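**Q** Residue numbers (our numbering), protein chains in the order written: chain D, 1 to 461; chain W, 1 to 192.
Do not take every clue at face value.
Simulated coverage check for chain W against chain D, where a stretch passes if three residues somewhere in it have a Cβ under 8 Å from a Cβ of chain D [as the list claims (entries may be wrong)]:
{"hint": "1", "region": "71-81"}
{"hint": "2", "region": "139-153"}
Pairwise CB distance ranges, derived in the manner of DEER restraints [what the hints assert, rightly or not]:
{"hint": "3", "chain 1": "D", "residue 1": "202", "chain 2": "W", "residue 2": "80", "range": "40 to 46 Å"}
{"hint": "4", "chain 1": "W", "residue 1": "100", "chain 2": "D", "residue 2": "99", "range": "39 to 45 Å"}
{"hint": "5", "chain 1": "D", "residue 1": "380", "chain 2": "W", "residue 2": "12", "range": "49 to 55 Å"}
{"hint": "6", "chain 1": "W", "residue 1": "3", "chain 2": "D", "residue 2": "198", "range": "39 to 45 Å"}
Just a few of them, taken from the derived set where beta-carbon distance is under 7 Å, the chain D residues facing chain W [claimed, not checked]:
{"hint": "7", "residue": "102"}
{"hint": "8", "residue": "137"}
{"hint": "9", "residue": "141"}
{"hint": "10", "residue": "344"}
{"hint": "11", "residue": "393"}
{"hint": "12", "residue": "431"}
To be clear, the hints were calculated from the coordinates, so they are not data collected in a lab. Please read all numbers here as calculations on a predicted model, not as lab measurements. Ideal Cβ positions, reconstructed from N, Cα and C, are used throughout, including at glycine.
Read off the chains here:
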Amino acid sequence: MSSSMYDARPAGADDPFEQTPLGDAADEGASEGRVFTVSGSDWDVVGSSDPDSHIGEERIVVNMGPQHPSTHGVLRLILEMEGETVTETRLGIGYLHTGIEKNAEYRNWTQGVTFVTRMDYLAPFFNEAAYVLGVERLLGISDQIPERANVIRVMLMELNRVSSHLVCLATGGMELGALTVMTIGFRERELILDIFEAVTGLRMNHAYFRPGGVAQDLPSGATELIRRNVDLVRSRLHEYEDLCNENYIFKKRTVGVGYLDLTGCMALGITGPILRATGLPHDLRKSQPYCGYETYDFDVATWDTSDAYGRFRIRLEEMKQSLRIVDQCLERLAPGPVMVEDKKIAWPAQLALGGDGLGNSLDHIRHIMGESMEALIHHFKLVTEGFRVPPGQVYTAIESPRGELGCHLVSDGGTRPYRVHFRDPSFTNLQSAPAMTEGGQVADVIAAVASIDPVMGGVDR
Amino acid sequence: MSAPFEEAVLRAVLEPALGEGLLEVGTATGTAYADIAPHRWHDAVGAARDGLGLAWFDWLAGVDELEEGLRVVVSLLAPDGAHRGHGVLLRTLADRSAPQVPSLVDLFAGAAWHEREAHEMFGIDFAGHPGLRPLLLPDGFDGHPLRKDFVLASRVARPWPGEHEPSGRSRRRNLPPGVPEPGTWGAGEAGS
């Protein structure tokens with residue numbers, strides 16, 4: 001952006017910024033175009049109020065966002081319209097760019113989790129999982145992860161899928177004017193965040209998964225809490241179906257809106273509910289299982305309408321399937337370690353919360369401070385310098401609520417990542433917005449973007 | 001259950017199509033990859049799409065390989081067939097002084113944003129891209145931040161509060177990660 005837009009400079013003939021986009025029009029009204037004060041009637045009527053003008057056929061540019069409540073985050077939409085028909089959709093992103101990929105190159109492999117959990121802030125466990133699975137594959141310890149750690153990971157990821165889908169339905173409903181869907185969506189999400197808070201100490205940005213396992217074992221009483229809240233959430237899921245499935249207004253806003261077929265999905269790299277709404281049952285949990293997903297019993301939800309309504313129905317069904325998986329996890333939780341045996345990789349993973357609010361493992365402290373000088377040195381080296389990861393590259397992908405979340409890691413053999421790249425599904429899926437919205441109306445843009453469910457933290461990273 | 005791609009399958013399709021342009025085929029941690037000469041990049045991706053059934057664009061990214069050049073990696077997936085849901089990585093190395101590779105946008109429309117991101121982060125020129133504008137970085141941003149020689153200037157300019165010598169006897173200040181030695185970068189006493 002040119003700074004001269006803000007400069008107070010005298011108007012001169014040689015100043016290029018004096019030229020307005022409409023040429024050298026003298027009066028202000030002409031330079032801004034005609035101004036209409038519209039208080040709610042059809043554009044046809046407004047445009048035909050002045051019979052001499054052809055304003056009804058003129059092209060208008062509508063700038064929506066980045067602070068608009070219905071653009072699903074800090075997303076800027078630039079819509080070119082003829083009448084009420086959108087002829088071109090352009091997207092402005094980057095408002096949440098935080099340079100996570102660069103920052104991760106300056107921290108050791110374990111610390112990287114703290115960065116990546118902040119990308120897609122509605123699905124933090126998925127970011128962590130994609131990253132730690134990549135590090136574990138580079139280390140060659142994928143099959144040494146304890147069973148209990150894997151079950152905890154799967155359980156938290158599936159709970160996270162439910163909470164993420166709830167936000168999608170809630171904000172999506174709000175954007176369509178279904179405010180009750182928003183209030184009940186956030187009500188149920190709260191129950192799941194209570195579980196996250198009990199298990200990890202935080203409602204978001206958990207940094208709970210670590211290369212080799214998880215940071216903490218489940219606290220006492222966690223399984224009872226999970227069981228109770230999951231039952232409560234399950235007993236309320238029918239409310240979304242009752243409110244929306246056959247709701248006349250909701251269907252009018254979503255059926256046939258945001259259409260994208262399988263060919264379009266392939267060319268654009270679309271995954272997740274958008275892809276499954278075309279009827280393709282692609283789910284990485286089935287096609288490339290990780291964390292032991294092949295041993296769980298669940299179905300892949302699909303729909304065949306390729307529109308916003310189908311995506312909504314898929315998300316509803318996926319929440320039920322996720323709760324099914326959580327039930328199976330609770331049955332499988334057997335006592336055991338939650339971190340790999342290898343002390344060269346495992347950070348101390350059994351911390352107890354002390355009176356000062358800091359996590360300490362008393363046994364571990366006794367060992368390193370009182371019993372073994374070597375253990376102290378080892379602990380110091382592991383925590384300050386980190387472990388070394390063999391040189392190589394790896395791409396790991398998992399099925400996040402929004403689609404394929406992948407992590408491309410490159411190691412040069414050091415204690416820090418050489419390159420961390422995230423293939424975030426929001427980034428890739430958001431590219432489909434023009435294909436979904438061009439030719440439709442402005443109101444359909446809202447419904448289509450809501451059905452993509454982009455999370456700008458993931459788009460911009 | 002579908003099977004991952006094997007090196008032989010990859011070689012059988014790419015070698016006739018590319019000849020000398022195919023530099024190497026290998027497998028890295030379970031995923032087959034092929035290294036392509038940069039001038040055959042577009043042909044290679046086209047051959048993979050049409051010959052191997054890799055019709056599903058996954059992602060594209062850059063890696064700064066220092067003196068070797070700037071690497072471009074693209075991941076393609078097979079939507080159906082024997083390898084359904086599995087993919088391969090195609091890689092190429094662009095010359096660091098004038099990094100240019102052909103754009104893939106005409107093959108996969110979805111590559112547009114990925115190439116724009118790689119363009120602004122690494123300065124790679126994707127020839128034939130219809131609108132190679134910055135995507136994530138603010139207007140007027142100078143430099144290519146994911147290149148290894150890009151220094152995080154704000155870290156240099158601001159004193160680092162978290163890193164100090166407890167004894168207070170150290171002769172020089174510890175530098176935060178990613179900040180070069182004073183005098184080797186920027187103007188004058190940047191680190192102090």
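**Q** Hint by hint, note whether the structure agrees.
**A** Hints and how they fare:
Beta-carbon proximity to chain D at under 8 Å applies to 3 residues in the region 71-81 of chain W; the threshold of 3 is reached and the given coverage holds. Under a criterion of three residues with beta carbons nearer than 8 Å to beta carbons of chain D, the stated coverage of the region 139-153 of chain W is upheld, 6 such residues being counted. Our hint of 40 to 46 Å for residue 202 of chain D and residue 80 of chain W holds, since their Cβ atoms are close to 41 Å apart. Between residue 100 of chain W and residue 99 of chain D, the C-beta spacing of about 25 Å breaks the proposed range 39 to 45 Å.
Between residue 380 of chain D and residue 12 of chain W the beta carbons are some 52 Å apart, a value that agrees with the proposed interval 49 to 55 Å. Hint check: residue 3 of chain W to residue 198 of chain D, Cβ distance near 41 Å, so the stated range 39 to 45 Å holds. Taken as an interface hint, residue 102 of chain D checks out: its beta carbon lies about 6 Å from the nearest beta carbon of chain W, inside 7 Å. The beta carbon of residue 137 of chain D comes within 5 Å of a beta carbon in chain W, closer than 7 Å, and the hint placing it at the interface holds.
For residue 141 of chain D, the suggested interface contact is broken, since its CB lies about 12 Å from the closest CB of chain W, more than 7 Å. The restraint placing residue 344 of chain D at the interface with chain W is violated, with a minimum CB-CB distance near 19 Å, outside the 7 Å limit. With a least beta-carbon distance of about 5 Å to chain W, the hint placing residue 393 of chain D at the interface is held under the 7 Å criterion. At its closest, the beta carbon of residue 431 of chain D sits 5 Å from a beta carbon of chain W; the interface hint therefore holds under the 7 Å criterion.
Of the hints listed earlier, those the structure fails to meet are numbers 4, 9 and 10, in rising order.
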